[in-house]
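Participant: Chains A and B, in that order, are what the protein sequence lines are. Throughout the first sequence, residue numbering follows our numbering, covering 1 to 395 in sequence. Throughout the second sequence, residue numbering follows our numbering, covering 1 to 482 in sequence.
Take these hints with a grain of salt, some might be off.
To be verified - Chain B side only, calculated, beta carbon under 7 Å to chain A, not exhaustive: (1) 2; (2) 6; (3) 17; (4) 83; (5) 84; (6) 90; (7) 91; (8) 92; (9) 93; (10) 94; (11) 96; (12) 475; (13) 476; (14) 477; (15) 479.
Hints listed in this document are in silico derivations from the structure and should not be mistaken for laboratory results. Every residue gets a Cβ at the ideal spot worked out from N, C-alpha and C, and that includes glycine.
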Amino acid sequence: MADSIKKAPEVIISSVGLVKEFRDFWNRPKAKAVNDLDFEVREGEVIGLLGPNGSGKSTTVKMLLGLLYPTAGRLTVFGKSPRDVDTKRLIGYLPEDSYLYKYLTAYETLDFFASLFNLSALERRKRSEQLLEMVGLSHAKNRPVGEFSKGMSRRIGLAQAMINDPSLLILDEPTSGLDPLGCREVKDLIHLLKKRGKTVIVTSHLLSDIEDVCDRVIILYGGRIRAQGTLHELLTIEGTDRITTPQLQPEVMEKVLAILRASLSEDQFRIDHPRMSLEEFFLDVVNKAQSESVETYGARSGGQIADYLSHDDQAAAAKELLKTLTGTADRKKEEPAPAAVEAAPAIDTSKLDVLSDETLKPRAEELSSAAKESEVDYSEANEKLKNILSGSKKE
Amino acid sequence: MTPFLAIVKLTCRSAIRSNVFRFLLFLLIVCVILVPNTLKGDGTPQGFLQVMLEYSTAFVALILSTSVIWLACSEFCTDIENGQLHMIFVKPISRITVWFGKFFGVFLIHLVLLVISFSFIYGFLMWQYSRQKFSPVERVKMENEVFAGRRAFTPDLGDMNLKVNQELTRRIETAKKLGEALPDLSGASRRKFIQAIYMEILAGMGEVKPGEMKVWTYSGLPKEYSGPVYIGYRVYSGNLGSRNQKIGEGVWAIRYNQKIYDENAKGKDGKPVVKDVREVPLQLPPEQILTSAYKEFPVPGDILIYNGTASIGFANLAQGKGGESLHFQVTESPRLLLKETSFLNNYCRAMFSVAMGIFALGLIASSFAAFLSMPTAVFITLSYVVTGLFSSYLITSIESAGSGEGMAFLDAVGSWLASLMISLLIPVQNFFVSGLLSTGTLIEFSYLMRLLFFNIILKGLPLCLLGLWLYWRRETALAMKQ
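Only chain A is shown next, with the shape it has when bound in the complex:
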């Protein structure tokens, strides 16, 4: 009922007839990287930009950031030109490569980018420390980023993108160069951002990443949109059903087969054992190693989500979430969990602890109508998190 009267989320990005044509020195057309692109991104969406190399993903992202200018069409971000300086206060960007100053240490890098947001020295220090902790680089905070591995560079890149607690986060290949543990953390982070009503645009070649985190995808080819919609709309195979059960007794199995054979021919159904994904298995192994305190010099598993990234969550919503999670745990006892999910890696629940922190009071000025709308969305977010934690996540 509440959803039915809820206002549609605000349009964050609007692209109408967007065209980008590259020209040579003599102004002759060289390539049309983006051709007549129409799309909208609404507040709180996690949207995936997909496409093969040269399909126009990066060009579109660069236009969104004001690094390239459209040849034709209209592109607005938060209702303004992408070149508008103030708009950029609301945007976080993780580029595909780490364009960081190699001589700055991890801490200096974050401090520098925080300075560009005109934050006070105290706030800069606080956020930098928290972000380093969050991306698991606290131990390397005084090392120049030039010495970092690709994965560590991605982590520090991700941290700088979060320094302003952005409303819109643009992540270009966010899991590129990260180990599966890092990939999972990034995905968890995206989920948490979504839960907080943030808008996220993800471009990735790893379709599983997109599938895991995005609500909606836009598939580009040759600079044009070839498909767009929610994952459910695009991926559901009509006319097919799947039933997952605990391992059945042979006699029960025979009964099921008999029923199936009565209605279907042999080639129309199949029965097999569900497998955990390699990612899930890997995470399980690493989690065990971490629990045994095995030393590593690389990036460590991220810690708690930075306080400032979660402090505008309404405390009530946080409590609600915790209650929901508790309720989920109860139900978990009652309902037998599917086998595939039992093997899923444990999510670092410490990231959620912060949401129950009573000291984190919402900022009055941030309780905008948009935030109120996103509050309603928390139920959906909570549901999703509940599913993750209870292990009912879709494969």
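Given the coordinates of chain A, assemble chain B onto it according to the supplied hints.
Facilitator: Relative to the frame of chain A, chain B by itself:
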């Protein structure tokens, strides 16, 4: 302000990590330490100090100029090409702020180096001056000729246009009287002919024939000046600009206006009243003069200067067949040098001038680097500087060249182009005043302000605005190296 300061800080840190900058910094240290310790000068104590002062400051200015061009181009271009600037441009900081932050960072680091270098040179100079065993006479000479800021006054040339026209008329009339062919006074030939007359008049004003005396007058001097006035000159033998070094013989004379006081009257302030003034020529002892070499000698200011004017004369004592004319370049010498300010003050003015030069170079380089690639920006900046330098020389040489059949058109085109260039470009060489500093010549405040206004504001600002506009407009993602 925090974002601006962050960019400034980042630029300074980046500069310190640049290998080229480190090399230039090494050269700077070598120059500041080695140059004063290895130079010998011309054998005289003040020559030693003058050479040390001139070369050390000139080397510092040269190295910092090179460095500022390189670093400005590097800071702007490599950041864009490597994509690092994109990380900044997607943050809430305007490109204008980034441009100024980078420019200011580059300038600031060079300003600091300039101040440190100049302070070291000054300290070293003073240390050398105090530790060397100079005689009291030498010390006085050095304090007046090197450790001073002296204003230079050159002879009054009068109305040169009038003189040229009168001479032109005289020559035409003479040719008519004698029935000779009139000179070609059409187009470029007229300009050349008039130029030749101008140069002849100037040469005539500076030529002292054997057995003759030439008198020069000076105006614009202080009404009252009791300190020593130095008469500085360089004399040439045979013809003007000759590099032949010979020994000439001459005698200097100065006009002394003797005041005759009224014994029976006293002024309102109790001072005696001047009843009359009698002009008395005072002759200095004859002396042997080494031609083509710069020389100075002092005369008391209260004797030489009267009512803001002065008059000096020089007699060429060469006689007979072998006697040659002695020539002064009257646009420069003999000149009167009056101590106007302390050496430290003049030294600070020189440092300010060099700082403005570095600022101008940084501005030029940053403006070009804002929209060009690194090698192109460096090339264009150097071309700019060299064009400004040669345009000045081109104008001077074309104006001073009186002959060259068939070159008139090219001269005209060259002169026009050079004038155009000078009106558009900043002649950066004008900011570097080591020569003036080492000869104790006052670096006029008005000169510095002219440099600031005409070069940095009038010529530098439009270039800066062009660079800023293009930087603001630029699709930076296109410049990124893939």
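Participant: Compare the structure with each hint and give your call.
Facilitator: Hints and how they fare:
1. Contact between residue 2(B) and chain A, as hinted, is supported at the beta carbon level, the nearest pair being about 5 Å apart and thus within 7 Å.
2. Taking 7 Å as the C-beta contact cut-off toward chain A, the hint placing residue 6(B) at the interface holds, the least distance being around 3 Å.
3. The beta carbon of residue 17(B) is positioned within 7 Å of a beta carbon in chain A (closest approach about 5 Å), and the interface hint is therefore held.
4. The closest approach between the C-beta of residue 83(B) and any C-beta of chain A is roughly 4 Å, which is under the 7 Å cut-off, so the hint is satisfied.
5. Below 7 Å, beta-carbon pairs count as interface contacts, and residue 84(B) has one with chain A at about 5 Å; its hint therefore holds.
6. Taken as an interface hint, residue 90(B) checks out: its beta carbon lies about 5 Å from the nearest beta carbon of chain A, inside 7 Å.
7. Contact between residue 91(B) and chain A, as hinted, is supported at the beta carbon level, the nearest pair being about 4 Å apart and thus within 7 Å.
8. Interface hint at residue 92(B): satisfied, since its Cβ lies 4 Å from the closest Cβ of chain A, which is below the 7 Å cut-off.
9. Nearest Cβ of chain A to the Cβ of residue 93(B): about 5 Å, under the 7 Å cut. The hint holds.
10. At a threshold of 7 Å, the smallest CB-CB gap from residue 94(B) to chain A is about 5 Å, leaving the interface hint in force.
11. With 7 Å as the threshold, the beta carbon of residue 96(B) stays out of range of chain A, its nearest partner Cβ sitting at about 10 Å, so the hint is violated.
12. Interface hint status for residue 475(B): upheld, as the beta-carbon distance to the closest one in chain A is roughly 5 Å, under 7 Å.
13. Annotation: residue 476(B) was flagged as interfacial toward chain A, and the flag holds, the nearest CB pair being 6 Å apart, inside 7 Å.
14. Against a cut-off of 7 Å between C-beta atoms, the interface hint on residue 477(B) holds, since the closest Cβ of chain A lies about 4 Å away.
15. For residue 479(B), the interface hint is violated, the least distance from its beta-carbon to any beta-carbon of chain A being 10 Å, above 7 Å.
Violated hints, in rising order: 11 and 15; the structure is consistent with all others.
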